[in-house]
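Chains as they are written, first to last, in our numbering: chain Y, 6 to 559; chain G, 78 to 452; chain E, 74 to 418.
Hints in this document: simulated from the structure, not taken from any laboratory. Here a beta-carbon is modelled for each residue, glycine too, at the ideal position from N, C-alpha and C. Careful: at least some of the hints might be erroneous.
[Said to hold, decoys possible] A short list of chain G residues far from chain Y (calculated; beta carbon distances all over 12 Å):
1. L288
2. M312
3. L363
[What the hints assert, rightly or not] Chain E regions said to be covered by chain G (calculated; three or more residues, Cβ under 8 Å):
4. 239-249
5. 395-408
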Amino acid sequence: MTSPLPVVELRRIRKRFDQNEVLRGASLSLFPGEIHALIGENGAGKSTLMNILFGMPVIHRTGGYEGEIRIDGQPAEPRTPEQARALGLGMVHQEFQLIEGFTAAENIKLNREPLRGGLMGRLSSLCGGRLSRLETLDRRRLRGEARAALTRLGVEVPENRVIGELPVGHRQFVEIAREIDRRQVRALILDEPTAVLTESAAELLLRTLRALARSGAAVLLITHRLEEVKAVADRFTVLRDGEVVLSGSVAATSLETMAEAMCGRSLRADPRSGSAAAEDGAAIQGGSNPSAQTGRPLLLKLENLQVDMPGEAVRGADLEVRAGEILGIGGLAGQGKAGIAGGLFGLYPARGRAWLEGAPLPLGRPREALRRGLAFLPEDRRGTGLWLEETLALNMASSAMLVQGRFLRWPLLGPLSGLDRKALSRHARRWIEELDIRCEGPQDRPIRLSGGNQQKVALARVLALDPKLLFIAEPTRGIDIGAKERILRLLRDRNREKGTTVVMVSSELEELRQLCHRIAIISAGQVAGILPAGASPKEFGLLLGGKRRKEPDR
Amino acid sequence: MRMPLQVPQIILAALIAAFWGLAAASPNLDFRQLAGDGLLRIGMNGIFVLALVPPLRAGLGINFGLPLGFIAGLAGVVTAMELRQRGWSAGGWPEFTLAAALAVTAGAALGYGYARLLERVQGQELMVGFYVGLAAVAAMSIVWLIAPYRSPELIYPIGGQGLKQTIPLEGHFEKILDHWGWTGWPEGEPLAPGAARAPAEARPLVPAGLLGCWLAAGLALAGFLRTRAGIALSMAGGNPRFAHIAGAGVPPMRRLAVVLSTALAAFGMVVFVQSLGLVQLYKAPLGNTLPAVAAILIGGATLKRATVLQALVGAIFFQLLLVVSPPVINDLVQRYSAGRESLRALENLPDILRVLILNGFILYALTRGGPEEER
Amino acid sequence: MSAGNRPPFRLDRLEPLLVPAVVFSISMIAFSFGKTPFSRLIVNLEQQFSRNVFLVLALIIPVVAGLGLNFAVVVGAMAGQLAILTAEDRGWSGGSGLLGALGLAVALGGLAGLPTGALLNRARGREMICGLIFGYFASGVYQFLLLILAGPVLPFSSQRLLLPSGVGLRSTLDLKSMGQAVPGLWAYLLLLGLAVLLLSWLFRTKLGQDWRAVGLNRHVAAVAGIAVERTRLLAMVFSTVLGAAGQVLYLQDFSTLNTYTQHDQVGFYAVAALLVGGATVQRATVLHAVLGTALFHLLILTAVPAMAQLVGNSQIEEYCRELFVFLIIGVSLVVHAWRAGRQST
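Work out the full structure, taking the sequences as your base and the hints as a guide.
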């Protein structure tokens, strides 16, 4: 390529968090005047790569990184966001970094307000600038400069309106205006900027980015929306498992190729060999249309489920779970797959309707849900799935004790009945053996165990209930390969031997395809589609990255 | 139950030990009398400290709304006295039992309303509780003034309305618990030589009934915490999200904790009053909250964890300090001031020390344990 | 929350007027029932307003900076008492004496504000309860200074102030030289004008902007590079300084000082006054403070006697006053917590 010197160049960046290698030598270069799309599933390493570039403290707290960053050809090592900004980088985060009660102009000039100088200014310079905070703001100039930055973006945002009163799209522009208002910004990084926008606002934003790139800035767009990449980007890089698997010119690459690269070549192999789906999939999947299953009774039905989970909102999901199946729920981060079970069990406010075995099931009443045979293993293992400071024995028996009245000494006393500590220990020892939990016995505490063993303890709690329907979220996240296989095998055995219905939420599509009969993909808070485990990677890729919410913002 | 021994506790223990050592060494102080006073004060205040355990365990933090329970207790006592006067109850044990029953019922009822309020103000429980306590005491003061009590023992002689500031319990159930099972002062028991003051009345030094009641309350609470409901309650505080999905039912458990706390505080007030021999109305109950809070924190509790043992130990520590420091400091000042008037000012020191230690421990607890969740 | 369906904000704008309007109406109804003559009400109100308004103004900055209602203003009050005691001891009087006392109050208040701010920086999310308890704690320190150190260590020498033993100050003092040191209404209005100007100037500076930013969203403020903790510390220092000066102005008008208890209720009353003006835990302006001081004392001067009259028992006045104060603060806190809870879910 006969292009000028890249503004930003990342060379063979490696990064590990504890045992987990999230970047394995990723490289990327960003040229002035181009829009470069960084594509990848969650967990592919996009955010980590950007955090490294932007000097986020989390990187250095966890032992730094390997590899080289060059800015304008010069080696650089930003250790704080301030240093990164001084190097000419600007970043627009997924969560707005705006003060709701400030006007757009005040936000754009936040902590860079023009001061009036005057008497106080002179007094301050006499004291070596120590009194500069007592200089008054030059509000006219503040407004003017903010307006100039917005004009440069080519958008009409009333700079004197309070942010809280502006629509989401405008807030995004304010955020971008703040980044480009700093004089030396030459590379702008945007993390999923259109995720929260309506279609028209997203289009306006993309047009603005184009204009920005034409004016000579380099734009790095992190996204998983492939149409967007097609529409706006010049070049792209696909990241998977911490490696660059594909990069090149957008014009020369088809959408399908990108989707395949994103979801991984491993999907191409038939995942169904040795999986549950392979053996009894045919019995469950009623032909090519997996949603039209017959033969198995309906166990759980969700209608228009809406969950206010921050960052994972569910916006009207409909789902049917058949008795005896293993249903996977997949989707990218932020699309709402994590919210479904959380809403059902009342971790977040939820609306909508649910039926269990034909009878209505109230949302957000976990005691009733547990009593009727549902159980839930949340993804937040340490915060929600376990009581870290208590004994393994109590953790494992807690739900069965509280809901089913087991392990009690004088059950007739009701809530005042005492705990049968011996039965508790016996129960714990049985599970420790069955799940091969490495610990010092029933009196050990989960806080001392490794991630995999913790997960097994959490799993023991829900299995002790002997549930009809088990909701399980991200059961293998952050645990070693051995424990992973054991847990997946356990779920499969339970399903096969006891007929336990399992709904598994996972961000690892591969894992879902190994275990599940059907996989529902959640996008924009709704069920975008349900595919059989054996569907092609392309189909998954398009569902994952395709569908856009059509209705305007709430 | 672990007893985390930390620097502040160790310093305080050393201070207490030093004071008691000085008291034992001093020729002017009656050590037995002091020890007896200490035990009495522990028993009197101990139940207040226990009342703080359930809300702390349920994750609601310090219950600054204890005065709500105190006024319920006082209402129980004066109502029982009025009823006795009207001939609806016999004196002594029946009257005490009636007072306790009324107090606990009123405390539980007030506690339930207070719990419903706290449910709506998550994150501001401490402040709201504080003002609920203050407002309740002010409102109850108005009630004391206009309530239709008629017994001449209870009300101001002039005007025929309004309960007196202090009402003696003589002839009702004064000390009924303190001296439970005691049959009489042993003949000819010699008092310590050179005692500062002779006992105003012949009574045993160890208020066995009172201490028994305190320990029984502690045991009952500890026992409750081991039941299914008690475990669910602790779970709601230890990890509310886990408790929720595990089926413990977090809001009902928090309500239960507040009701228990307020009812215990009410019962504690009945016990306190019988031991003091006086009913003190109006603003008096406000003074009992912060010492109880300081006591449980001194016992090693934090805003997130508290055990019955910590409440028991904290009550002992704090009262031992409060009882011993004024006489010891006064004695030292008297002995070493050698007539110098200027050193007499140091007699104020115990009071100042109490204020500093009490509030210092509360501040220590409030500012450690990391920032409260802000979002 | 997304932008689609925000509440219609015209109603939002009217809402702050609700509390003052209700309080005013109650006062007027109570006044029409009561027996107080109008002229006396006005005189009393003028007196209470002029005494208290400075202490209420001192509460604005911490609210803006996100520290909530500053119950630790009693620390400032104690600094002010120390200042006026020193002035009284030295026999300062008149306008220059007042200026001296105010200067001393500013210095002592600044000194006392530092530990207060440092403590509240460690109490994130629990600033109000910490400020409250710190007020009690500081009261212990203050007693130590004035009961034990005054005389031998702190240079107090006037026999009128010291106890006969020469150590410690008397518990009730007539402020003979500092009493009524403001030489008339004009001087008083000048002082009020200066205080209001000072506050509005502060809010127009960079520091004022930072207070607002930190108060509205400390996380974003920190990401933007604002030194959050230092900004909050400065807010407490300014508030404590203003509180110290406010207590000097209060005492010179009151002319009597209960050395060890005068500050006890200052925080509660000032906070209640601010809230009656329509301020909240998160929003307060000079207007709220001025309006609130007037309305609060109007309420106390009218509703409390009216209640006593209604019940036919004048003893309830004291408790009524307290009940009003605690209810005003308590209800404001409940509303604040309730709103915060609704926003977060």
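Comparing the hints with the structure gives:
1. With a least beta-carbon separation of about 26 Å from chain Y, L288 of chain G lies farther than 12 Å from that chain, consistent with its non-interface assignment.
2. At roughly 6 Å, the least C-beta separation between M312 of chain G and chain Y is not larger than 12 Å, which violates its mark as non-interface.
3. For L363 of chain G, the requirement that its beta carbon stay farther than 12 Å from each beta carbon of chain Y is met, with the minimum near 34 Å.
4. Note: the segment 239-249 of chain E has 3 residues with beta-carbon separation from chain G under 8 Å; the three-residue rule is met and the coverage holds.
5. Only when three residues or more bring their CB closer than 8 Å to a CB of chain G does the claim for the segment 395-408 of chain E stand; here the count is 8, and the claim holds.
The structure is inconsistent with hint 2 alone, although it conforms to all the rest.
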